[in-house]
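**Student:** Listed here are the chains, written in short residue letters.
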Amino acid sequence: MSGFFLQFLLGFKVTIVVSLASGLLGTAVGLIVATIKLSRFRLPSLIAQGYTTIVRGLPELLVILVIYFGGTAAITAVFGRYVEISPFAAGVVALTIVFGAYSAEIFRGAIASIPSGQSEAAASLGLSSWQAWLLVIVPQMMRVALPGFCNLWVSLLKDTSLISVVGLTDIMRVAFIGAGSMRAPLVFYLAASALYLLLTSLSLLSFRLLQQRLAIPGH
Amino acid sequence: MDFHLIFESLGILADGVLLTLGLTLLSLAIGFTVSVPLGFVRASSNRVFSGTVLSYTYVFRGTPLLVQLFLVYYGLSQLEIVRNSIAWPLLREPFWCALLTFSLNSAAYTTELFCGAIQAVPRGIVEAAKALGLSPFMQKRLIIFPLAFRTVLPSYANEVIGMLKASSVASTITLLEITGRARQLVSETFAPYEVFFAAAVLYLLLTLIVTKLFQILEAHLGRSKSDKDSGATHVQVVASKAIGTGLDRNSGNARSKPLKSFIAKLGRSSNE
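Chains as they are written, first to last, in the numbering used here: chain Y, 1 to 219; chain R, 1 to 272.
Calculated directly from the structure, the hints in this document are not laboratory data.
Source: prediction; values computed, not measured.
From the three backbone atoms N, C-alpha and C, an ideal C-beta is built for every residue, glycine too.
Just so you know, not all the hints are guaranteed correct.
To be verified - Now the stretches of chain R that chain Y is said to cover, found in silico as 3 or more residues with beta-carbon under 8 angstroms:
#: 1; segment: 66-77
#: 2; segment: 200-210
As the list claims (entries may be wrong) - Simulated restraints, written as ranges between beta carbons of each label pair:
#: 3; chain 1: Y; residue 1: 212; chain 2: R; residue 2: 119; range: 19 to 29 angstroms
#: 4; chain 1: Y; residue 1: 130; chain 2: R; residue 2: 21; range: 40 to 50 angstroms
#: 5; chain 1: R; residue 1: 46; chain 2: Y; residue 2: 41; range: 49 to 59 angstroms
#: 6; chain 1: Y; residue 1: 78; chain 2: R; residue 2: 7; range: 42 to 52 angstroms
#: 7; chain 1: R; residue 1: 56; chain 2: Y; residue 2: 151; range: 12 to 22 angstroms
#: 8; chain 1: Y; residue 1: 41; chain 2: R; residue 2: 45; range: 44 to 54 angstroms
#: 9; chain 1: Y; residue 1: 41; chain 2: R; residue 2: 52; range: 46 to 56 angstroms
#: 10; chain 1: Y; residue 1: 45; chain 2: R; residue 2: 85; range: 22 to 32 angstroms
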């Protein structure tokens, strides 16, 4: 049992790294897709709409399986021999796709809630459209998007457990292996639950602090 | 992409649709039934009761569904009490384990939805119901629940779609719903693109149907009342039914007159 303590610690680290990587990449994807959706270009915004609609209608597990098995098949075809894609890479790509689709919807709503006077004012001050977006729109939009983003981050943390199905040694996988070898599933899965609960609680707490920090007094 | 294979796998995966739908609908039904009373307890002013329900919802919302499923499927069998209980023949089967886990999970999410909606019912409406002499149970059944239900509906649609997608996790404990069937088929055919594409089509179709159904339901429930006066009209209608005076009938009845004007006033004051 004590030998598994270290294993759990490593799994804990993997879960955090996977979540942070796909969370950061997914946020970038979400921002870009949200901007495209709100732009006046017809075709790109239609494609962006298709992306968010399709991905949000699919189970996260299916997306992970598609990327893992599809990616393996694609690389095998390219190299001409069997190459297996790493579960870590497949998991990060899959969850980035999922997180990007959901966060795009949140960001789109948040950006749309910023009065158009803000970007007009930025333009009249001589800021380029790129500067206006980054310095005026995004900081204000973040405040609106924060509660939804927090929910999304918590589901992302929980969804990382699904990558264990394709073999990533995260918290869930360590619990699975431990439960099998020690014949004590109850203890190991309860330990895994406690670790996930710790992560989600810490996330909720830090997002609440961040929200308080960003709140405008009197609003 | 081999289109012939896609069509073929669509036919095979269709077998799994029944299990996906069965798991989703049954666990939603159980979850809903459990969550309505729990939502009222969670929204109550009693700290102890509310806190107890919160700890349940917090744990189930804060841990992955996969862990919960494995805890029930692999973990419960470790306990002597469970193995000797009458529920063991059921808990041995993956289907009932999945159903139990999904129901508990869905109940946790729906409880929080209901709690929010119950607290969002304007206090004046609840006080009006109280003033009309409705018992606490009748207040909840006739006034608070119907209003909370309408508030919850859009978010509940998301919960239904979420559950539909979450049911794919059941494939990890050997259940052959859409995803489970797809995984099996991929290992037989080594054609991940075609098979998963077919599975994705089925899921998107189901999501689309759910979305449309809820749009129809929302339109149906929202039709008779405009947003502005829905609450007040609702209290008026229920109150008049409860007292036995139709607002449009019995105009000659002297006894019902003060009540009638009171109910009418009620509507006006809560509209402001």
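**Student:** Now look at each hint and say whether the structure bears it out.
**Tutor:** Hint check results:
1. Coverage of the segment 66-77 of chain R by chain Y holds [criterion: at least 3 residues with CB-CB distance below 8 angstroms; count 9].
2. As drawn, the segment 200-210 of chain R meets chain Y at 5 residues by the rule of a beta-carbon pair under 8 angstroms; at three or more, the given contact holds.
3. The hinted range of 19 to 29 angstroms is satisfied by residue 212(Y) and residue 119(R), whose Cβ atoms lie roughly 22 angstroms apart.
4. Separation of residue 130(Y) from residue 21(R) is about 48 angstroms and conforms to the stated range, judged on CB atoms against 40 to 50 angstroms.
5. Evaluation of the 49 to 59 angstroms hint for residue 46(R) and residue 41(Y) yields a pass: the beta carbon distance comes to about 55 angstroms.
6. As the Cβ distance of residue 78(Y) to residue 7(R) is approximately 27 angstroms, the hint placing it in 42 to 52 angstroms is violated.
7. Between residue 56(R) and residue 151(Y) the beta carbon distance is about 19 angstroms. The supplied range of 12 to 22 angstroms therefore holds.
8. Judged by the Cβ atoms, the range 44 to 54 angstroms given for residue 41(Y) and residue 45(R) holds: they are separated by roughly 53 angstroms.
9. Taking 46 to 56 angstroms as the suggested C-beta distance range, the pair residue 41(Y) and residue 52(R) conforms, at roughly 53 angstroms.
10. Our hint of 22 to 32 angstroms for residue 45(Y) and residue 85(R) is violated, since their Cβ atoms are close to 57 angstroms apart.
Comparing the model with each earlier hint shows violations of hints 6, 10; every other hint is respected.
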